Structure formats: structure tokens, C-alpha cells
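A.B. asks: Residue numbers (our numbering), protein chains in the order written: chain S, 826 to 1039; chain H, 826 to 1039.
FYI, nobody ran anything at the bench for these hints, they're computed from the structure. On a predicted model such as this, the values are computed, not experimentally measured, just so you know. Where a beta carbon is used, it is the ideal one built from N, C-alpha and C, also for glycine. Take these hints with a grain of salt, some might be off.
Partial list, derived from the structure: chain S residues whose beta carbon lies under 10 Å from chain H [said to hold, decoys possible]:
#: 1; residue: L990
#: 2; residue: S993
#: 3; residue: F1002
#: 4; residue: D1014
#: 5; residue: L1018
#: 6; residue: L1036
Listed next, with one range per pair, are the computed distances between beta-carbon atoms [as the list claims (entries may be wrong)]:
#: 7; chain 1: S; residue 1: V881; chain 2: H; residue 2: D1014; range: 34 to 40 Å
#: 8; chain 1: S; residue 1: R987; chain 2: H; residue 2: S989; range: 31 to 37 Å
#: 9; chain 1: H; residue 1: T1023; chain 2: S; residue 2: D1014; range: 58 to 64 Å
There are 2 protein chains.
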Amino acid sequence: MSKVRVAGFGVSLDGYSAGIEQSLENPLGKVGPEIFQWFFHTKTFRAMHGQAGGSVDVDESFASRAMENFGAFILGRNMFGPIRGPWLDDAWKGWWGANPPYHAPTFVLTHHARKPLVMEGGTTFYFATGGIHEALSRAKEAAGDKDVKIGGGVSTVRQYLRASLIDSLQFAFATVFLGQGEALFPGIDLPALGFSITERVTTPFATHVVLTKG
Amino acid sequence: MSKVRVAGFGVSLDGYSAGIEQSLENPLGKVGPEIFQWFFHTKTFRAMHGQAGGSVDVDESFASRAMENFGAFILGRNMFGPIRGPWLDDAWKGWWGANPPYHAPTFVLTHHARKPLVMEGGTTFYFATGGIHEALSRAKEAAGDKDVKIGGGVSTVRQYLRASLIDSLQFAFATVFLGQGEALFPGIDLPALGFSITERVTTPFATHVVLTKG
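Throw the hints in and build the complete structure from the sequences for me.
C.D. replies: Here is the structure:
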């Protein structure tokens, strides 16, 4: 059955986060290098950049699960780009170049309407102005039997968690302290939301933790 | 040289904390059992309860370091007891019974004066009404060449961190999500305060992380 999942979400030990898609072309400052160390050496990461090789290890198993079996994605607008307010033109097409890593319908939460944007490789960006519930409804319909990924950023993940709309969370806790950023957990009571830990593996790069609802 | 240290401080993956002294006789609800799993099986924990045996492993090495070489302790008032406001009498003598686990001068931060309280085993509770700087000054003088431990609770640790008065932090990150409690990290920028990770070891029970300033 189709699930709504957060996956490949990096978290520092002091609770600051970002999703792996943000590490591709997006200049995240120090966040990317520090919280995605577990990801860069994997086969999945290299394949996303058109490169062969890469590790086939525990980190890879979590990397591949973070990118596979998704029929649709939902992103917050700030994850899609740096522009705020109304879209002045169609020039901005995301951080990821002509062929984004989604390869599926991808719904961007925004207050400002814009025509769908068809990219190479199967990604179409739809601009969802009806709120998080409407965006999820459209994403589920687009995904069919596959899962819907809440790709980020932190604010979007927090909104879907508070609305109790997420089934599964796959985090990679990196042994770093960022000191500042967007905090994932304040006011988010995962046990009260019905989540419990169903997997935990530590590698030299991260502690991978999966939480499942119910 | 004498250091000011936090040690044996348990933290959940969603950032809620307590120090190991709180687990002794203090009914912490679910926090104790969940974030101190790494501690209960150790030789140090058993010795603190007058029992022989216990593990001599990586968890034990962090447990013993969390209790050794301290010449004085500082505790927040809520960690000392449940009474708020002025002391009505001298009946309350801490959570720990006649022989508390400190075995050294222990300064309790409070706004309300009270005579020192001499306990068995070398612990004397002093009630420090002059603020965190004065309490630390007294604790350093009492500790001599040994270290001063900021034992907790969370609010006390945060106050000393913000004032840039702590030299070393030894955390045990437990793979649990508490959902609520006292959050340790909001507004605390450890890199900006000069801390970097100097040790990291993962056991089946916790990821032990030491941060050192400077």
C-alpha cells in the first residue's frame, strides 16, 4: 500500500536537518558536507550524478531506500528555490539543472500559482497553492501504488508531521553539531504521534534510524 | 588543570536530556529508563548502589569518567528537590538518601538562603544564592586541582553553556525519542562557543560523544 514517507533526512546531533535532495546542486553552506557524509560515498549518490562505482554497504542500503519506490514528491517552496513572493517569470527551474533527481511528479507548496514545469527525466514540477492537504491528495493520486516522499525542507516535514500525515521517517543522525539552522523536533512529539523505532544501524558515518507509525 | 565539565549527560535523539545523578533515586518518569540504558549495566552504576559486578566495557569507561575526578558539583535547585520558593524547614535533603553520590561539596543554585547540609560520605550541600558565577567561583575553590561538574538539570547546563563557562561536554545519545521534556540545544551554538568533537564511540546502548572547547 502507498505510504507517505520522509527518507534520507540528515539530522545533526543538535537537531538541525536537511533532506538529501538538497545536497545535489544546492549550496547549503556547511550543512551538506557535514550531515551527508554517509551519503556521498554511496552507489546511489554517484548514480544520481551519472557516475559509476560507489559503496554497496549499509549506508548505500539506506541511500537507495531514500530514493526508490516514490511515485510523487512534495517540496516546500524554499527547497525549490530562493525566490520569494509571486513568480515574476518562468526562469527559475529548481536547483537541480535540466534533469532533477525526482523523475516523477513533484508538488511544490507555494501561495503563488504557476504553470507546471516539465523537466527532463520524468520530473514535472506542479505548483500546489491549495495547502498541504490538497498537495498530498494530488501527490497520492499521481503516485498510484508507489509512495509519496515529503522531500523537505524542515518546515514542510514539520507541517506534515503535525498534521499526522506521515507514515514513516528515515533519519540519518550524523555525529556533528551545527549550532544553528532549522530545528526539526521542537514541539514534535513523535511517540504521541504514534511513531516507534523499527530499525537502527550505526555506521562510521551516521546512525540510521527508521520510525514507523502505528 | 581544573576543568568545568558536564559528563554522563543523557540525550534523546530529539534532544531531551538529564544527567546520570538524576537516575539514582529520582522518579524521572520514563526519562531514566530510556536515556540511561547505557549506564545501568555498568560497574560504576552498580558500585553507586553498593553492588558488586557490572560491565567493564566502553559504556563503563564513560560512566566512570562521568563520576571521577570531581572536587565539587553544581546542581540546579529542581535537581536537588521538588520544593519551590522559600525553604520552610530543613526536612528535604535531596533525592539521594543519607549518602548522596557526590562525596564532595555540592552547590545548589537557589534564590533562597539555607544553612549548609552535611550528609554522609563527604557530600555537603551548600545553597548558593549569588548566581551562577558566584556558585562556580565557590565550587572551583572547593575543588582545588580537581574538576567541577555541572550535574544538571538541563536549565543549569544551558545557563553555564550560554555564559561560556564550560570546558568539556560528555554526552550519551540514546536511540530513543522522548517527544517532550527539557530540550538541551535550542539557542545553544556549540561550534560558536568553541566546542568541537574530540571523541565518538557507539555502543549497543548509546553514542558517546565528547566535545572539548578550544
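A.B. asks: Are the hints correct? Go through all of them and say.
C.D. replies: Each hint tested on the structure:
1. L990: 18 Å, violated
2. S993: 14 Å, violated
3. F1002: Constraint on S/F1002 satisfied, holds at 4 Å.
4. D1014: 3 Å, holds
5. L1018: 8 Å, holds
6. L1036: 7 Å, holds
7. S/V881 - H/D1014: 34 to 40 Å: 37 Å, holds
8. S/R987 - H/S989: 31 to 37 Å: 35 Å, holds
9. H/T1023 - S/D1014: 58 to 64 Å: 33 Å, violated
Of the numbered hints given earlier, the model fails hints 1, 2, 9; all others are met.
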